[in-house]
Structure formats: C-alpha cells, structure tokens
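Undergrad: With the hints as constraints, model all of the structure from the sequences given.
In this text, residue positions in the sequence shown follow my numbering: the first is 1, and each later residue adds one.
These aren't lab readings, by the way, just hints derived from the structure by calculation.
Don't take every hint at face value.
Calculated pairs, PhoX-like style, for lysine-lysine (alpha carbon to alpha carbon, straight line, at most 20 Å) [as the list claims (entries may be wrong)]:
1) Lys68 <-> Lys98
2) Lys184 <-> Lys413
3) Lys17 <-> Lys46
4) Lys95 <-> Lys134
5) Lys381 <-> Lys184
6) Lys141 <-> Lys381
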Amino acid sequence: MKFTNLTAKEFGAFTDKMPNSHFTQMVGNYELKIAESTETHLVGIKNNDNEVIAACLLTAVPVMKFFKYFYSNRGPVIDFENKELVHYFFNELAKYVKKHNALYLRVDPYLAYQYRNHDGEVLANAGHDWIFDKMKQLGYKHEGFLTGFDPILQIRFHSVLDLAGKTAKDVLNGMDSLRKRNTKKVQKNGVKVRFLGEDELPIFRSFMEDTSETKDFDDRDDDFYYNRLRYYKDRVLVPLAYMDFDEYITELKAEREVLSKDINKAVKDIEKRPENKKAYNKKENLEQQLIANQQKIDEATALQEKHGNELPISAAYFIINPYEVVYYAGGTSNEFRHFAGSYAIQWKMINYAIDHNIDRYNFYGISGHFTEDAEDAGVVKFKKGFNADVVEYVGDFIKPINKPMYKIYTTLKKIKDKKK
1 MKFTNLTAKE FGAFTDKMPN SHFTQMVGNY ELKIAESTET HLVGIKNNDN
51 EVIAACLLTA VPVMKFFKYF YSNRGPVIDF ENKELVHYFF NELAKYVKKH
101 NALYLRVDPY LAYQYRNHDG EVLANAGHDW IFDKMKQLGY KHEGFLTGFD
151 PILQIRFHSV LDLAGKTAKD VLNGMDSLRK RNTKKVQKNG VKVRFLGEDE
201 LPIFRSFMED TSETKDFDDR DDDFYYNRLR YYKDRVLVPL AYMDFDEYIT
251 ELKAEREVLS KDINKAVKDI EKRPENKKAY NKKENLEQQL IANQQKIDEA
301 TALQEKHGNE LPISAAYFII NPYEVVYYAG GTSNEFRHFA GSYAIQWKMI
351 NYAIDHNIDR YNFYGISGHF TEDAEDAGVV KFKKGFNADV VEYVGDFIKP
401 INKPMYKIYT TLKKIKDKKK
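TA: This is how it looks when you write it as structure tokens:
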C-alpha cells in the first residue's frame with residue numbers, strides 16, 4: 001500500500017461509502033476551501049490494487065511567516081478497526097506535512113470514545129481506548145477530554161438518534177411525552193414545511209438572529225451558510241416551517257363542530273340522569289375546550305389578516321451525507337413558539353432520513369456539561385426527548401513537526417494570551 005494524493009473524484013467516492021464520515025470530509029467542502037483560497041490537500045492510502053482504503057482532507061494556513069499549521073477537520077476517513085492501517089496512515093501523514101513545511105499538525109478524528117445518556121451517565125465504551133496509546137507512540141499529543149464550546153476546537157459531544165431498523169412510528173413511540181405531543185400536534189394544526197432556496201436564505205438568517213439574541217450565543221456569519229449551501233449543493237437542506245391559516249382555521253372549525261355536538265350530547269345525558277356527576281364534569285371539560293378552540297380561531301384569523309395566509313415560524317439548516325443527517329442550526333420566532341414549528345422541521349427531517357435509508361440522525365453538538373445550569377441545558381433536554389443518545393468523541397491530537405520552532409511558537413502564544 002502507499003500514501004498518496006487523491007483526486008476529488010477518488011476522495012468523494014471513498015468518503016461517501018464509509019461510515020463515520022463527517023460532512024467536512026466530503027468533496028463539497030474541498031471545493032469550498034479551494035474557492036476560499038485555502039491551501040487544501042486530499043491525501044489517502046491506496047492498496048496494491050490501487051483502491052482507496054483511507055482518505056482525508058487537509059487544510060494549511062501560514063504560521064510564524066515561514067511555516068504552516070495543518071489540520072484535518074474530523075479526518076481521516078478510515079477503518080479504525082484496522083490498527084495496522086491507522087498506524088501507517090498517521091505515520092505517513094506526518095511525513096507528508098513535513099515535506100510541505102508544517103510547523104504542527106492537528107487531527108480530531110470522527111471516532112467515538114464512549115456513549116452516554118443525556119444525564120451524562122456512561123452507557124458503554126466504544127472500544128477505541130487503544131487510539132490514545134497509538135497516537136502517543138506516533139508522537140501525537142492528546143489535548144485532553146475537553147467540555148464546553150470552543151471557537152477553534154470541534155465539539156466533543158454529539159446528540160445522536162439511531163434510526164437503524166426503525167419506522168417513523170417507532171421513532172414517535174420512543175419520544176418522551178412532550179416531544180410526542182408536540183410532534184403529533186404539528187401534524188394537524190396547519191404547520192407545513194418546505195425547503196428554502198438560496199435566494200430565500202435571509203428568512204433562515206432572520207430566525208437565527210432572533211434565536212441568538214434570545215439565547216445569547218454567537219452565530220456564524222452569513223457567508224458561512226451561503227457558501228456551504230452553494231458548494232455542498234443538494235447536501236444542504238434548509239427547511240422552513242410555516243403556518244397555513246386556511247388549513248388551520250378549517251381544522252379548528254371542524255373541531256368546533258365536534259365539540260359542540262359532544263356538549264349537546266352531554267347536556268342530554270344530564271337531562272336523562274341529573275345525578276350523573278361524570279356527565280357534568282364532561283360537559284364542563286368540553287366547554288373549556290370550546291372556549292380554547294374559539295380563542296385559537298380568533299388568533300389565527302387575526303394573524304391571517306395581518307400576515308397573509310402563510311406565516312413563517314421556524315427554519316433550520318441541515319447538512320447531509322450518506323452516513324448521517326446533521327441538524328446543524330435552527331431558529332424559531334419567539335412570538336410564535338406556541339405553534340411548535342421546530343417540531344414540524346425535526347419530524348420532516350427524521351422522515352427524510354428514514355426515506356433515504358440514512359441510519360443516523362445527528363442533533364449535533366452539546367457542551368458535555370450535564371447539569372441543570374449548563375449553558376445548553378434547554379437544548380440538551382430537547383434532544384434527550386427524542387430518545388437520542390450522546391456520542392463522546394476521542395478529541396484532538398497535535399503532532400509537532402518542527403519541534404524546536406513549535407516550542408518557540410507555543411511559548412510566544414502563551415505570552416500573547418496572558419496579555420489579553
């Protein structure tokens with residue numbers, strides 16, 4: 001076997017057929033990096049039959065004027081069960097970047113370390129503990145089991161729903177009561193979902209701005225989303241949930257008719273058996289439902305007059321490859337949260353994954369702080385409710401390539417960071 005450069009076609013064909021393949025390791029991301037004028041390399045291993053058996057996308061940026069920092073974002077794409085292949089790859093990768101004047105190399109493999117529930121309890125070890133000793137043997141330093149969100153490092157915890165062998169009904173039955181109730185609710189309350197085109201992306205961005213202001217987090221800039229939509233092409237989907245008021249009001253009026261008939265029936269039951277307390281309770285409950293129904297009709301009619309028949313209420317950004325559907329980002333109108341648009345989007349995309357035989361639905365990053373006061377406690381609760389589990393990844397490894405200069409670089413960086 002040999003370590004070699006790969007064509008985009010070779011790289012894409014291989015990464016698309018492999019499990020544990022992240023969207024940053026696909027041809028669309030290579031084309032994006034080239035368009036952004038980032039130095040980018042496609043490298044891998046071919047066997048004696050000239051077949052690709054490992055691959056990764058590498059980027060390089062200048063450091064200290066004369067050197068480069070190399071990074072493989074969630075790479076390599078490789079069979080991590082083949083330890084001999086893993087050893088060969090990382091050994092050859094270091095030699096390759098050295099030829100290209102690397103100061104140091106960072107990798108953060110898309111490799112599970114352990115599985116947890118959303119309370120933080122470890123459910124199982126992924127069986128990859130050997131990677132830490134192997135990387136150390138090869139001169140790569142593990143950066144530790146970091147938690148939280150970092151502007152540079154990839155998040156170490158993902159919330160993932162396993163769809164293997166499941167129907168939509170199975171997924172619904174696995175949800176907690178709130179998620180199940182809201183998912184059923186959006187299927188009959190006039191919430192529709194369609195996909196936005198590039199020219200409509202400002203609709204999604206407006207929801208993200210609302211959400212980032214409400215929840216106090218830093219969102220990516222416009223270019224991040226536009227560029228990935230442009231270069232990832234059909235591997236990005238931007239679903240929009242919106243109210244169809246004609247349909248919603250029709251459903252509410254039909255519900256009102258049923259409630260009115262049930263109330264009349266309860267009245268007749270009381271007339272026949274005045275001592276029947278259940279009939280009184282039933283009548284009172286139905287009358288309360290009728291009042292709530294009328295309030296919904298009044299609200300929907302007023303909103304329809306103000307906004308027209310269609311009212312956008314939520315939008316999200318999904319990145320897809322053959323291995324997984326990734327819920328990358330999403331935002332909801334705070335004013336119209338009660339319509340539960342985000343649930344309509346999740347249900348649409350879960351069904352998309354099932355229909356396309358994609359077994360992994362990735363709700364994406366969480367902090368790994370499994371406490372009530374964690375910065376993402378609400379998000380964790382939401383994802384947990386879908387019956388997802390937590391995948392904890394092995395983390396980052398750094399290999400100094402030019403050791404004397406790397407020591408100077410890290411010393412200068414520490415001094416600079418102290419001055420901040």
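Undergrad: Now tell me, hint by hint, if it's right for this structure.
TA: Results of checking the hints against the structure:
no., hint, in the structure
1, Lys68 <-> Lys98, "holds (10 Å)"
2, Lys184 <-> Lys413, "violated (53 Å)"
3, Lys17 <-> Lys46, "holds (15 Å)"
4, Lys95 <-> Lys134, "holds (17 Å)"
5, Lys381 <-> Lys184, "holds (19 Å)"
6, Lys141 <-> Lys381, "violated (34 Å)"
Taken one by one, the earlier hints fail for this structure at numbers 2 and 6, listed in ascending order.
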